[in-house]
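S.K.: Please put together the full structure from these sequences, using the hints given.
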Amino acid sequence: MLRVRGPLNVFRRSIGIRHLVCGSCNGCEHEMNALNNAFYDITQDGWDLVASPRHADVVTVTGPMTEAMQAAARATLDAVPRPRVVVAIGDCATGDGPWQSAPAGAGAGIELGADVLVRGCPPTPDEIRAGLQAAAELLDSARRS
Amino acid sequence: MIADVVAECANGIPAGAYADAGFAHYVFLGAAGPYARSCPLGSERRLNAASQAVPLFSWDEREMAQEWGVRFVGMPDDRPLHASHGEMPAARTASGDGIMRFVVGPVHAGIIESGRFTFSSGGETVVHLDAQLGYGHRGVERALAGTAAVEAAAKVARICGGCSAARSYAYALALEALAGVEPEPEIDLARLIAAELERVYNHLADVAACASGAGYAAGFARGMALKERAMRLCREACGHRLLFDAIAPGGLGRPMLEDRLQFGSELADLERDVAAYLKGLFANASLTSRWERAGVVPPDTLQAFGAVGPAARAGGGSLDLRTFAPYGAYRRIDCAVAGATASDAFARAAVKRDELVESLTLIRRALHELGTAELPPSQFVEPRAGIALTAVEGPRGTEFVAVHADERGVIERLHVISASYRNWPLVARAMENNIVPDFPLVNKSFNLCYACADR
Numbered sequence: 001m002l003r004v005r006g007p008l009n010v011f012r013r014s015i016g017i018r019h020l021v022c023g024s025c026n027g028c029e030h031e032m033n034a035l036n037n038a039f040y041d042i043t044q045d046g047w048d049l050v051a052s053p054r055h056a057d058v059v060t061v062t063g064p065m066t067e068a069m070q071a072a073a074r075a076t077l078d079a080v081p082r083p084r085v086v087v088a089i090g091d092c093a094t095g096d097g098p099w100q101s102a103p104a105g106a107g108a109g110i111e112l113g114a115d116v117l118v119r120g121c122p123p124t125p126d127e128i129r130a131g132l133q134a135a136a137e138l139l140d141s142a143r144r145s
Numbered sequence: 146m147i148a149d150v151v152a153e154c155a156n157g158i159p160a161g162a163y164a165d166a167g168f169a170h171y172v173f174l175g176a177a178g179p180y181a182r183s184c185p186l187g188s189e190r191r192l193n194a195a196s197q198a199v200p201l202f203s204w205d206e207r208e209m210a211q212e213w214g215v216r217f218v219g220m221p222d223d224r225p226l227h228a229s230h231g232e233m234p235a236a237r238t239a240s241g242d243g244i245m246r247f248v249v250g251p252v253h254a255g256i257i258e259s260g261r262f263t264f265s266s267g268g269e270t271v272v273h274l275d276a277q278l279g280y281g282h283r284g285v286e287r288a289l290a291g292t293a294a295v296e297a298a299a300k301v302a303r304i305c306g307g308c309s310a311a312r313s314y315a316y317a318l319a320l321e322a323l324a325g326v327e328p329e330p331e332i333d334l335a336r337l338i339a340a341e342l343e344r345v346y347n348h349l350a351d352v353a354a355c356a357s358g359a360g361y362a363a364g365f366a367r368g369m370a371l372k373e374r375a376m377r378l379c380r381e382a383c384g385h386r387l388l389f390d391a392i393a394p395g396g397l398g399r400p401m402l403e404d405r406l407q408f409g410s411e412l413a414d415l416e417r418d419v420a421a422y423l424k425g426l427f428a429n430a431s432l433t434s435r436w437e438r439a440g441v442v443p444p445d446t447l448q449a450f451g452a453v454g455p456a457a458r459a460g461g462g463s464l465d466l467r468t469f470a471p472y473g474a475y476r477r478i479d480c481a482v483a484g485a486t487a488s489d490a491f492a493r494a495a496v497k498r499d500e501l502v503e504s505l506t507l508i509r510r511a512l513h514e515l516g517t518a519e520l521p522p523s524q525f526v527e528p529r530a531g532i533a534l535t536a537v538e539g540p541r542g543t544e545f546v547a548v549h550a551d552e553r554g555v556i557e558r559l560h561v562i563s564a565s566y567r568n569w570p571l572v573a574r575a576m577e578n579n580i581v582p583d584f585p586l587v588n589k590s591f592n593l594c595y596a597c598a599d600r
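Sequences listed follow chains A and B, in order. Under my numbering, the first residue of the first sequence carries the number 1, and numbering increases by one thereafter. Under my numbering, the first residue of the second sequence carries the number 146, and numbering increases by one thereafter.
By construction, these hints were calculated from the structure, which means they are not laboratory data. No experiment lies behind these values; they were computed from the predicted model shown. Possibly wrong hints are sitting among the right ones.
As the list claims (entries may be wrong) - Which chain A residues stay away from chain B? Per the calculated CB distances, all over 10 Å, these:
| id | residue |
| --- | --- |
| 1 | Arg13 |
| 2 | Glu29 |
| 3 | Arg82 |
| 4 | Gly97 |
| 5 | Glu111 |
| 6 | Asp115 |
| 7 | Pro122 |
| 8 | Arg129 |
| 9 | Gln133 |
Stated by the list, open to error - Here are the computed distance ranges between Cβ atoms for each label pair:
| id | chain 1 | residue 1 | chain 2 | residue 2 | range |
| --- | --- | --- | --- | --- | --- |
| 10 | A | Arg13 | B | Pro444 | 52 to 62 Å |
| 11 | B | Phe525 | A | Thr124 | 17 to 27 Å |
| 12 | B | Gly291 | A | Arg143 | 22 to 32 Å |
| 13 | B | Asn429 | A | Thr124 | 24 to 34 Å |
| 14 | B | Ala177 | A | Gly113 | 52 to 62 Å |
Stated by the list, open to error - A few chain B residues that don't get close to chain A, going by computed Cβ distances all over 12 Å:
| id | residue |
| --- | --- |
| 15 | Tyr180 |
| 16 | Arg216 |
| 17 | Ser240 |
| 18 | Asp390 |
| 19 | Ala449 |
| 20 | Cys480 |
| 21 | Val482 |
| 22 | Leu520 |
| 23 | Gln524 |
| 24 | Pro570 |
| 25 | Ala596 |
Even for Gly, the Cβ is constructed at its ideal location relative to N, Cα and C.
M.R.: Encoded structure:
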């Protein structure tokens, strides 16, 4: 029989993820979507893509940032309860992508103050997963401090 | 002048339009490939709108007006296509007794690109949908103007992730035409394999999404697992799961098909499992009956908006560039064109099912034909001054690219007309008289990109 001593904290690294697209080519979205397939299945880690920023702990952002997404992106971040972690997914978002010279921005992750940067064009599902793991650990320490 | 453009629609298949400093170029498809009828803009930059007579030019003319200052007379819809200074133009809505309006987006509940959908509905029934894209408008065409055409290939490959190989292919053909370079037959075969792999992983995701749109989670999960295997096959073929840079001007941009035995064996496994998946999925009547009569687009609407790709072929269309204006290895390897007539979600899923099977066959045949032949190194490409218009059949249909180069091989003007750009207005039409909860199904039965429409 499982004896529980003290508060059960096995769920403390479970995270709700809200995804925000700011001018991505959709390549990062293909790889983000892969996290839900049977090979990666992030729900096993207690991670879930949530349908509202109010339910989120982590916001993943992609793309260089576009003029049209500025307001919606900031409104989305404002709607996420604290503590929260922003993860920039892919070279465009981290400021290393092909559209830095475009009228677009310097990277959605840079502009939105990302806490974790996941480089790659696009990053593989395993690389994204490692970024989310880092975000979960940041949240865990923020909640305990 | 615009009268000539409208008259030309009887000879060629209208494909879109774009402007530059001096002209408005109206693009048509013929059996020899794309060609343009160009109207000088003069100092007034004033033209009669062709979209009055030919609705498919509507988005193109709105974009030309916004981005290139062309002053069109008589536009049926004269709103800017993209946001200006961060503000999206007001949505068009229906009004009347009992009509309510609601907005979804631009940020969606899931891993979906940004876009705003404004529904007008009477109860459950959608009477009008305005799909406003452009939230992903990065200004890639302006960013690429003034850069060396050959070096720009890596950026062209990253305009849209899901259509990367098709776009790289069209771009490579354009630069090779400007340089007078002809790729070797082995390169053509490797390119065919890359292009068909792209179709395979996209169509698998699309068919899976149709299952999801009808609430069939197991069909979605199995389809997405197969898509993952297709992406791993892409990595096996060229080292990149989304085929970025696999096709490049002069040849290939990555070492390809280095372990053909391994590739062939993974391909055979995937072919077998995809066939079993499709058979089971389409034998599930409670699923397919949900697809039937959902999101019907009448054939005259398809025609009026210049529908391309599986969406057009699901409604009686037969145009597939692989057979209509063949390029590369498609000039030698026959390709069966899929078709259906019902023009509903079922027909679009069925066309993609048949294309999936055909794509896997094409890959196997190309691999067999390639045998153990070495893939030659890339040829040197030095584009000369001129204009090249090229188009290939991407997963979603005609992927067109126009390249205007100067004598140094620098891009003066680059324009992309994607299949998604052509077909998006049809998604809105397909929703009319459908119920609101069917939007995910109807939308996913097209599964268009935002990135290559927004650019």
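S.K.: Hint numbers the structure violates, sorted upward?
M.R.: Hints 2, 4, 7, 11, 12, 18, 25 contradicted; others consistent.
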